[in-house]
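There are 2 protein chains.
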Amino acid sequence: MERASPFPTTEYETRLDRTRERMREAELDALFVTDPANMNYLTGYEGWSFYVHQGVLVTLDADPVWIGREMDAKAAEVTTWLPDEHVRSYSDEHVHSPYDLHPADYTAEVVAEFGLDDATVGVEMDAYYYTAWTHQRLAENLPAADLEDATLLVNWIRLKKTDRELELMERAARIAEHGMRAGVETIEAGVRESTAAAAIYEALIEGVEADGGDYPAIAPLMPSGEFTGTPHLSWSDREFEEGDPVIIELAGCKHRYHCPMARTVNVGDPPREMDETAGIVVEGLEAALDAVEPGVTAESIEAAWREVIAEYGIEKESRIGYACGLGYPPDWGEHTASLRPGDTTVLEEDMTFHLIPGIWYDEFGVEISETFRVTNDGAETFAEFPRELL
Amino acid sequence: MERASPFPTTEYETRLDRTRERMREAELDALFVTDPANMNYLTGYEGWSFYVHQGVLVTLDADPVWIGREMDAKAAEVTTWLPDEHVRSYSDEHVHSPYDLHPADYTAEVVAEFGLDDATVGVEMDAYYYTAWTHQRLAENLPAADLEDATLLVNWIRLKKTDRELELMERAARIAEHGMRAGVETIEAGVRESTAAAAIYEALIEGVEADGGDYPAIAPLMPSGEFTGTPHLSWSDREFEEGDPVIIELAGCKHRYHCPMARTVNVGDPPREMDETAGIVVEGLEAALDAVEPGVTAESIEAAWREVIAEYGIEKESRIGYACGLGYPPDWGEHTASLRPGDTTVLEEDMTFHLIPGIWYDEFGVEISETFRVTNDGAETFAEFPRELL
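Protein sequence lines, in the order shown, are assigned to chains A and B. The numbering used here puts the first residue of the first sequence at 463, with every later residue one more than the last. The numbering used here puts the first residue of the second sequence at 463, with every later residue one more than the last.
Next up, chain A with everything else stripped away, as it sits in the complex (with noise of 0.2 Å):
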């Protein structure tokens, strides 16, 4: 029993190999991967199990080993292309378990069998789910290895996406698309924030004929009113009144791969003054779009943003925008390069960003955003939906 993966072994070859190629830069003997999205990514695993400890060991020469709970062993069966034989599990006693057995003890015994006891293990340090209890139990587990800290090794490598990942990504702006309409059609003022919540995430799983969609990794975000200023906020039974901004933030996800959007949406006639800090977001969007094409760096789109808001007599300097595209809970970025004074990566053809600038006041708070790909003569955006105040 094989569940269809929308990768062929191949494209997971080719990223092991550009992983195996990274660890031997720093020395590695082996990687221990548990940011579930690089598991994901080097392996195809699938599951909602990232909320007890797991992770995916990868050697220099020998197929990556799956290690996780006995329950989502088959699973890891079913979604890797792993040899069964690579599939390892611990019992459920090791399940939050206050202490007497830790998942970090199985995952040494693991890494021991293979022979590298005495290795140069690189450890997600600042990894999701990687805790300070796992590292410490491990080193405690494995004194005569060295545990390396290799955060990040694996997506930076995601960074650059590869045709059939750009394709998840346009199939996701589908979604999210059909999302942002339903949030836009279902606001208005005497409805409930989570009935308009209700309808985004409806219209984000449903999905498009082509495509049902996955969970996205952060919940739709809908600050609006007064709470506009505080983005991660998410929806109450307040309803909408008459003359409320309110920031819709969402994503469409197809197997794991993200297209971010977010918008504003006014409820009744816009204030002038709101209608001309749209016109000022959307003018920086576009200045900052247009800076892109490969070899320029992440912070010169910054700049181009900052340069257009400048004019208008705003002074901010902040991040707007992230590399973005596989992820699961609780973030579909890929904290490797953004779009801020001082990142100076360089983009390449086919990295992937969710370019998010926004201007908030007291009163209320305008964002608008786009995710793109870097083409070879440009941004090149996944979504269409109007860029303007709605």
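By construction, these hints were calculated from the structure, which means they are not laboratory data. The structure displayed is predicted, hence computed values, not measured ones. Just so you know, not all the hints are guaranteed correct.
Each pair may be met inside one copy or between any two copies, as identical chains are not told apart.
Said to hold, decoys possible - Straight-line Cα separation of at most 20 Å, EDC-like style, residue types lysine to aspartate or glutamate; simulated pairs:
no. : residue 1 : residue 2
1   : Lys622    : Glu811
2   : Lys778    : Glu555
3   : Lys778    : Asp554
4   : Lys778    : Asp625
5   : Lys622    : Glu850
6   : Lys622    : Glu810
7   : Lys778    : Glu532
8   : Lys778    : Asp579
Assemble chain B onto chain A, guided by the hints.
Frame of chain A; chain B shown alone:
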């Protein structure tokens, strides 16, 4: 500007008193809490911001201090009862910045500012989002401090609920019932799995007349057909077929309090052995519920279940439930007491559990669950939904 909290400040004060009592028992001068559910429990903090580093610093005498990203400080001011000067934030340059600046550096500064740089500080070593890197960096920045493991210190306090918390779980139960109804009504041969997931999501967020729903900490899971043995797989675009077993696991959520529920649906007439298996699961579930009363151990609940299935020749020692309530992605479980062999936690009134037994075969699996509270004379389930194969 304040957002209405579901609890009066006095309830947070009681939680804090109990936390400080345990801190004193553990000889801690301070506690740095990073589990988003614990942050919310102590301060009311709400927001999808746990994808960046954040935490709450609890001391023995002063108000707690929220530490997070600048962009989220306003959410902290709006959603917590903390005085504004106890909301401290780091600049955006610290966010996903490959290592030059880390939020733990800023956290260490705040710890020092409160005179705790040579104190014994509890940290949640195995909590979500407390990464190995955060811990190492905190230790480096606070060389005179003693960082002690305090994982689950707050979680154990959360196990026993107050009336207000139980009321939120009641309200979440109405939402869970609504979501399950939507799933059961939508699933039929020829319908795409993602369409059923969309209907469930829509119902969970739209909620009921009294309450809209919040996003649950886990996406609705819906393994079907030959995949019912892979419990954490999410939906696909496959169409349900006549005869498919489908396991739906979901939770209603209100103000971050969950009422989880699982049911098994069969598309069309179920085979006789599936009907029989469902009968055994229900009988075992009810035996387990009957075994609940204050003073008995968590493991005795599992034993009651195991005794029933043994009568049918089924042997399986496993965790059949866990403490639940307040939660953020990736889990609504509290990670403290489990209903499994070896767990000698003594049940007390107003503790809440998700009891989720199941029997799996190669061809199908059956799971039927209930969330219950311990009352002075037994178990009281939150939701009302037919306890049978659907």
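Hint check:
1. Taking the shortest alpha-carbon separations for Lys622 and Glu811, only the intra-copy value of 7 Å comes in at or below 20 Å, while the best inter-copy value is 55 Å.
2. In this homomeric assembly, Lys778 and Glu555 come within 20 Å of each other (Cα to Cα) only across copies, at 13 Å, whereas the closest approach inside a single copy is 51 Å.
3. Taking the shortest Cα distances, Lys778 and Asp554 sit within 20 Å of each other only across copies (12 Å), while inside one copy they are farther apart (50 Å).
4. For a Cα distance limit of 20 Å, the shortest separation of Lys778 from Asp625 qualifies neither inside one copy, at 36 Å, nor across copies, at 47 Å.
5. In the homo-oligomer, the alpha carbons of Lys622 and Glu850 never lie at most 20 Å apart, since the shortest distance is 29 Å inside one protomer and 49 Å across protomers.
6. In this homomeric assembly, Lys622 and Glu810 come within 20 Å of each other (Cα to Cα) only inside a single copy, at 7 Å, whereas the closest approach across copies is 54 Å.
7. Taking identical chains as interchangeable, the C-alpha atoms of Lys778 and Glu532 lie at most 20 Å apart only when they sit on different chains, with a minimum of 14 Å there against 50 Å within one chain.
8. For the identical chains of this complex, Lys778 and Asp579 are neighbours neither inside a copy (50 Å) nor across copies (34 Å), given an alpha-carbon limit of 20 Å.
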